[in-house]
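Throw the hints in and build the complete structure from the sequences for me.
As a plain string of letters, each chain reads:
Number of protein chains: 2
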Amino acid sequence: MNAEKIPDIIIARLPVYLRALQRMADKGLQTTSSQDLGERVGISAAQIRKDISQFGEFGKQGTGYSIPYLINKLREILKVDRMWDVIIIGAGDMGHALARYQGFADRGFHVVMVFDNDKNKIGHKIGDFIIEDTSHLVEKVKSAGIKIALLTIPATVAQEITEKLVEAGVKAILNYAPISISVPKDVKVQHIDPATHLQRMTYYL
Amino acid sequence: MNAEKIPDIIIARLPVYLRALQRMADKGLQTTSSQDLGERVGISAAQIRKDISQFGEFGKQGTGYSIPYLINKLREILKVDRMWDVIIIGAGDMGHALARYQGFADRGFHVVMVFDNDKNKIGHKIGDFIIEDTSHLVEKVKSAGIKIALLTIPATVAQEITEKLVEAGVKAILNYAPISISVPKDVKVQHIDPATHLQRMTYYL
Numbered sequence: 002m003n004a005e006k007i008p009d010i011i012i013a014r015l016p017v018y019l020r021a022l023q024r025m026a027d028k029g030l031q032t033t034s035s036q037d038l039g040e041r042v043g044i045s046a047a048q049i050r051k052d053i054s055q056f057g058e059f060g061k062q063g064t065g066y067s068i069p070y071l072i073n074k075l076r077e078i079l080k081v082d083r084m085w086d087v088i089i090i091g092a093g094d095m096g097h098a099l100a101r102y103q104g105f106a107d108r109g110f111h112v113v114m115v116f117d118n119d120k121n122k123i124g125h126k127i128g129d130f131i132i133e134d135t136s137h138l139v140e141k142v143k144s145a146g147i148k149i150a151l152l153t154i155p156a157t158v159a160q161e162i163t164e165k166l167v168e169a170g171v172k173a174i175l176n177y178a179p180i181s182i183s184v185p186k187d188v189k190v191q192h193i194d195p196a197t198h199l200q201r202m203t204y205y206l
Numbered sequence: 002m003n004a005e006k007i008p009d010i011i012i013a014r015l016p017v018y019l020r021a022l023q024r025m026a027d028k029g030l031q032t033t034s035s036q037d038l039g040e041r042v043g044i045s046a047a048q049i050r051k052d053i054s055q056f057g058e059f060g061k062q063g064t065g066y067s068i069p070y071l072i073n074k075l076r077e078i079l080k081v082d083r084m085w086d087v088i089i090i091g092a093g094d095m096g097h098a099l100a101r102y103q104g105f106a107d108r109g110f111h112v113v114m115v116f117d118n119d120k121n122k123i124g125h126k127i128g129d130f131i132i133e134d135t136s137h138l139v140e141k142v143k144s145a146g147i148k149i150a151l152l153t154i155p156a157t158v159a160q161e162i163t164e165k166l167v168e169a170g171v172k173a174i175l176n177y178a179p180i181s182i183s184v185p186k187d188v189k190v191q192h193i194d195p196a197t198h199l200q201r202m203t204y205y206l
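In order, the protein sequences belong to chains U and E. With the numbering used here, letter number 68 in the first sequence gets 69, and the count goes up by one each step, no holes. With the numbering used here, letter number 132 in the second sequence gets 133, and the count goes up by one each step, no holes.
Calculated directly from the structure, the hints in this document are not laboratory data. Check each hint, because a few of them may be wrong.
Pairs count within a copy or across copies, as identical chains cannot be separated in the list.
Stated by the list, open to error - Straight-line C-alpha distance at most 20 Å; calculated SDA-like pairs for lysine to any residue:
1. Lys-51 - Glu-77
2. Lys-74 - Thr-197
3. Lys-80 - Tyr-205
4. Lys-126 - His-97
5. Lys-28 - Gly-104
6. Lys-61 - Leu-30
7. Lys-122 - Asp-94
8. Lys-189 - Ala-13
9. Lys-80 - Ile-147
10. Lys-165 - Asp-52
11. Lys-122 - Arg-101
12. Lys-120 - Ala-169
13. Lys-189 - Gly-170
14. Lys-126 - Asp-94
15. Lys-80 - Val-139
16. Lys-165 - Leu-206
17. Lys-122 - Thr-135
18. Lys-172 - Leu-206
19. Lys-51 - Thr-64
20. Lys-186 - Ala-13
21. Lys-126 - Gly-93
22. Lys-61 - Gly-146
23. Lys-172 - Gly-93
24. Lys-122 - His-97
25. Lys-61 - Ser-45
26. Lys-186 - Gly-39
27. Lys-172 - Tyr-205
28. Lys-189 - Arg-14
Now the structure itself:
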């Protein structure tokens, strides 16, 4: 199993499988098949078998997959068999929503700090956090060894903050700012921009 | 130009090009090249030329692309040369953030209604909207002819609400609920789930 050899498009599907499997486990289900899982996630059974087989032999012909076993394997592969501390930069509406989001904890993530550069926000509470000053971002993130950041700031400051995050040792950025950001090769970025996602669908309307 | 013939992966990149071009236009820039645009969005110049050429001959060898012309063409291709009414289902933190989001209007979208099933929320204001009762969802959406919905509701009710939206004639759903939803073939779905996006990156950490 060589991280470099698995195409990113496969990696992108694993969290979707994991999410569906976790829901099945919550309902008390014990086993599944690639057909069943496929129907739940809208991906073909053949694709699922092919994706999962990249990482080893996890199912049995005829009896299918053990849900708890496959969950454990996927969590291990995706490295969410541990908790990751994450920070939020930007205490606007989206930062608020993410700071209070209940869906991180059981999927491997724990928000530990929220930053903003607005003097009217610094020191105030957001969910369980005191909003901290972005001027202390690099030192705080570096000393806490944090690797993951959520960026919910205006496009105009996104690149500048990204560079601070990279300097602080952050290796994964979930970018809600409506702009592409440049990072070194060893830093991963995912973009969430509702207007971009919508425009991708209007094409078909 | 046949909508069926262009791979979805190309369609997915066009909104990213459009977003970058709009930022360049905001700065007063008039022309760009595939190299310049590529650096801004982190996609190779060759890929950009290939993607754009699917839709016609929009640039000139040596002089590059006219930014306003390419913006108009991309807006036309993505059908955001008009305004689309969209609704939000779910008046929680994420619904609030989206109802107040300033980034929709200049990219083709206009939030017109917000729904929730919580009696404590119905009738209250969220941004400029009065929260409406989801029990009126089908009739209201159908009579307004709305085609696009943002789903910010719990996973447990996502499929049930999706079926109401489909019944009401919605053809594009941006799903923030942490679950895959099933829709007929003529309905498009995009998923936004921060934990899934993060798990896609932790693999590489």
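| Taking 20 Å as the upper bound on the Cα-Cα distance, should Lys-172 and Tyr-205 be classified as within, between, both, or neither? | Answer is between; shortest inter-copy Cα gap is 9 Å, intra-copy 35 Å.
If the cutoff is 20 Å on CA atoms, where do Lys-126 and Asp-94 land: within, between, both or neither? Let me know, please. For Lys-126 and Asp-94, both the intra-copy (13 Å) and inter-copy (16 Å) Cα distances are at most 20 Å.
* Within a copy, between copies, both or neither: where do Lys-189 and Arg-14 come within 20 Å Cα-Cα? -> Cα proximity of Lys-189 and Arg-14: in one copy and across copies (16 Å, 18 Å).
Next on the checklist: Please sort Lys-172 with Gly-93 into within, between, both or neither, judging by C-alpha distance up to 20 Å.
Outcome noted: neither (23 Å within a copy, 30 Å between copies)
**Prompt:** What label fits Lys-186 with Gly-39 when the C-alpha limit is 20 Å: within, between, both, or neither?
**Reply:** Intra 33 Å, inter 16 Å, cutoff 20 Å: inter-copy only.
- Query: Quick one: Lys-80 to Ile-147, C-alpha cut-off 20 Å, is that within a copy, between copies, both, or neither?
  - Reply: This pair counts as within: shortest intra-copy Cα distance 15 Å, inter-copy 41 Å.
(request) Give the relationship of Lys-165 and Asp-52 under a CA distance limit of 20 Å: within one copy only, between copies only, both, or neither. (result) neither (36 Å within a copy, 33 Å between copies)
Self-check item: Within, between, both or neither: Lys-189, Ala-13 at alpha-carbon 20 Å
Solution: both (13 Å within a copy, 19 Å between copies)
Check your understanding: Checking Lys-74 and Thr-197: alpha-carbon separation at most 20 Å within a copy, between copies, both or neither?
Key -> The answer is between: 16 Å across copies meets 20 Å, while 33 Å in one copy does not.
Worksheet item: How do Lys-80 and Tyr-205 come out at 20 Å by Cα distance, when the copy is not named: within, between, both, or neither?
Response: The answer is between: 9 Å across copies meets 20 Å, while 36 Å in one copy does not.
TODO: Up to 20 Å between alpha-carbons, please classify Lys-189 paired with Gly-170: within, between, both or neither.
DONE: Cα proximity of Lys-189 and Gly-170: one copy only (12 Å, versus 38 Å across).
- Query: When no copy is specified for Lys-122 and Asp-94, does a C-alpha distance of 20 Å or less occur within a copy, between copies, both, or neither?
  - Reply: Answer is both; intra-copy 12 Å and inter-copy 18 Å each pass.
Checked against the numbered hints listed earlier, the structure breaks hints 10, 12, 15, 22, 23; every other hint is satisfied.
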